[in-house]
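Using the hints, position chain B with the ligand against chain A.
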Amino acid sequence: MKNDNIATVLAREYGYHIGIIERFISYFGLETTKKMLEAYNVPLKKTIRCNTLKYSPQELLERLERKGFQLEKSPYYDLGFVILAEPFPLGATTEYLLGGYFIQSQASWLPVLALEVQPGEFIIDFAAAPGGKATHIAQLMENQGVLLCLEISRERMKALRSNLTRCGVKNVITKRMDSTSFWELNIKADKILLDAPCTGEGLMAVDLDRRKKSVKSDMERLNEIQKELFASALHSLKKGGVLVYSTCSTAPEENEKVIEWALEEFPIEILELQISNIAPGLQKVVKEEFQPAIRKTGRLFPHLHGTEGFFVCKIQLEEEID
Amino acid sequence: MSLVFRELTNEEETILQTELDYWLEEKELLSFKKENSFLIAEGKWCELVITTKNVERFFKENAQISPYSIGITFGEIKNRKILLSLGGAEELCTISRKKLRINETAEQLFLYQRDILSKSIIGYPTHVNKGQKILVTNPQGDCLGVGQLLLSREEVARVENAEKIAVKNLKDLGWYLRKGK
Ligand SMILES: C[S@@+](CC[C@H](N)C(=O)[O-])C[C@H]1O[C@@H](n2cnc3c(N)ncnc32)[C@H](O)[C@@H]1O
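Quick note, the sequences are listed as chains A and B, same order. Counted from 1, the first sequence has number 129 at position 131 by the working numbering; the numbering is strictly sequential. Quick note, the working numbering runs 52 ahead of the 1-based positions in the second sequence.
Chain B with its partners taken away, still in its complex shape:
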């Protein structure tokens, strides 16, 4: 089924703004929005794509093209929320502070869809709470995917929790090997 590309409705703009407000501080948010453009790719699902201002302009001037894809999929809009894609997570990763760093052993396991144990965490972000989403990175800061916090910063620090699952794997880069080919 081919996709139809269009601008965001007001409601979709609000959904995007809420998502970006969660991941980014004000300054980063402003420059991120200035540098990028967002469009909706509508088909079986409603996808949000991220591209450049130039491409958006080109697309509007050449609507006869009816593209197969534009830019990178940023996420899927479902139940008035955005489910970040790997591409979306990576776009945010360099500028978001909501990043959890894990060690190299856990990196390999995470890429095999495994959750993250407390003992594997080498950097826990501030300003996030249990139940919230975080971007998962390796020691070098590369974006490995998206996780959901099951334990708080204090709980992770406790020795008795070392073997407990601290982060649930929501999406990881290993997807490219499993399905993305």
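Same shape as in the complex, but just chain A:
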């Protein structure tokens, strides 16, 4: 069968928009696409991150086990737990209300770990709501230094603030703004996290509605924003500063291609991720070949890692940009 016929069959069988399947096949090949589709049919494991501003992982484990939850340590992170049994909602325990943990996917931990946060630093989260990664950064900063959280959405700002408060984050300033113009304030940070707005094409296991939607129209608009945010972030870094860029998308347009563009535009270097088992960034998409350094970016795939599709890249700024 030809690939376009196969695409139609797969789209019907797995309930996807044909355009998504065609793109998957052209980027990852038929065999990987089939494995991805199969893996997206398995619900993601529920996971939590222990907030060490409140409890040690051992204390949290004991408390939740006493309440009848069954947990096991995450293979990816020593502060993470996989939930095996949930006798009542995880979001209703006293420990949750006290900010003792954050319900968060395993993939979401990686960008923050890639930042290699140090307590006294000045760090900006460029797209912060609802605060999953910001609260993680804050706990690694041990409530020292300064964490600046930017977010454009008025509605999501409330959730961000509520989560920061619940998690006991005191070293934080939040600001509602379009981060594409943050660079105009001429404030330079040690590190920036850009967990960019994206199509969410890696979330097919979580959000079944996405399977039916063509991403084409969103892609162009988002791509523009991603690049503008990237440029604004680089302008807001000190020399030698670090930017981590991440998306919950498998689409190379939002990942490797953004990095390839940035490599050509700015004085930056891609750093090794130091995350074991992560898949390297794509070297080639259809006929387009990327610079060798793109291999240092990282990807998570549902069929390889049991997570959502995810992309992360760590970059160092070699010269301050005016």
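Hint data in this document are derived by calculation from the structure and do not stem from the laboratory. Keep in mind that a hint or two might mislead.
Unchecked claim - DEER-style ranges, computed between Cβ atoms:
1. A:Arg293 - B:Cys98: 51 to 59 Å
2. A:Asp176 - B:Glu156: 45 to 53 Å
3. B:Glu94 - A:Pro87: 34 to 42 Å
4. B:Cys98 - A:Lys156: 13 to 21 Å
5. A:Ala90 - B:Lys220: 46 to 54 Å
6. B:Glu128 - A:Glu287: 57 to 65 Å
7. A:Asp320 - B:Gln165: 28 to 36 Å
8. A:Glu222 - B:Asn114: 24 to 32 Å
9. A:Glu222 - B:Gly175: 55 to 63 Å
10. B:Leu81 - A:Ala291: 52 to 60 Å
11. A:Ile150 - B:Glu156: 38 to 46 Å
12. A:Pro87 - B:Thr70: 19 to 27 Å
13. A:Glu318 - B:Gly175: 55 to 63 Å
14. A:Asp176 - B:Gly95: 55 to 63 Å
All values reported here derive from a predicted model rather than from experimental measurement. Glycine included, C-beta positions come from ideal geometry on N, C-alpha and C.
Using the frame of chain A, we list chain B with the ligand on its own:
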């Protein structure tokens, strides 16, 4: 409406000092003030926020930021008094002695905005009087909220008062589920 952040006036400093004097012993008070900074967030209400010295310094050096929020809301200033927020209560809880401990059954009820019965109390603080405020904790010492004492330590100890309300619920963590999302 956006908030304007500024330093405390002398009057607000006094109000804060009175509040902290109530909750903390001298030693704890000194280290608490040394470790934290306070700012006023002025909008429709006058809120007191607690943050770190570093953040306060950063904010003063970068006033052009005009923040949406800074640190954690410690309480609201109303009629020259501070109404502690949940964040404020939690900040004080580890170091204040004015804590009332309740059992696990009462913990669940308290989180549903219910008052506390005498029989549910497993630890009543000293140096507090009827009518005064206390921080409410579970058996593990986690801060569940703020209450007001309706019965004295002696009254709580009396068997005939077991079913009587001893503490009025002023603020509880369940708020995060009801409104805080
Ligand atoms: C992937 S989500 C961030 C998730 C967050 N980092 C977390 O871990 O909880 C992207 C966020 O970027 C925000 N956003 C989109 N465009 C923006 C812009 N131009 N400036 C600032 N924030 C933006 C969205 O409202 C959304 O909350």
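These are the hints, each one checked on the structure:
no.: 1; hint: A:Arg293 - B:Cys98: 51 to 59 Å; in the structure: 55 Å, holds
no.: 2; hint: A:Asp176 - B:Glu156: 45 to 53 Å; in the structure: 47 Å, holds
no.: 3; hint: B:Glu94 - A:Pro87: 34 to 42 Å; in the structure: 37 Å, holds
no.: 4; hint: B:Cys98 - A:Lys156: 13 to 21 Å; in the structure: 20 Å, holds
no.: 5; hint: A:Ala90 - B:Lys220: 46 to 54 Å; in the structure: 24 Å, violated
no.: 6; hint: B:Glu128 - A:Glu287: 57 to 65 Å; in the structure: 60 Å, holds
no.: 7; hint: A:Asp320 - B:Gln165: 28 to 36 Å; in the structure: 55 Å, violated
no.: 8; hint: A:Glu222 - B:Asn114: 24 to 32 Å; in the structure: 28 Å, holds
no.: 9; hint: A:Glu222 - B:Gly175: 55 to 63 Å; in the structure: 59 Å, holds
no.: 10; hint: B:Leu81 - A:Ala291: 52 to 60 Å; in the structure: 55 Å, holds
no.: 11; hint: A:Ile150 - B:Glu156: 38 to 46 Å; in the structure: 42 Å, holds
no.: 12; hint: A:Pro87 - B:Thr70: 19 to 27 Å; in the structure: 40 Å, violated
no.: 13; hint: A:Glu318 - B:Gly175: 55 to 63 Å; in the structure: 57 Å, holds
no.: 14; hint: A:Asp176 - B:Gly95: 55 to 63 Å; in the structure: 22 Å, violated
Checked against the numbered hints given earlier, this structure breaks hints 5, 7, 12 and 14; the rest are met.
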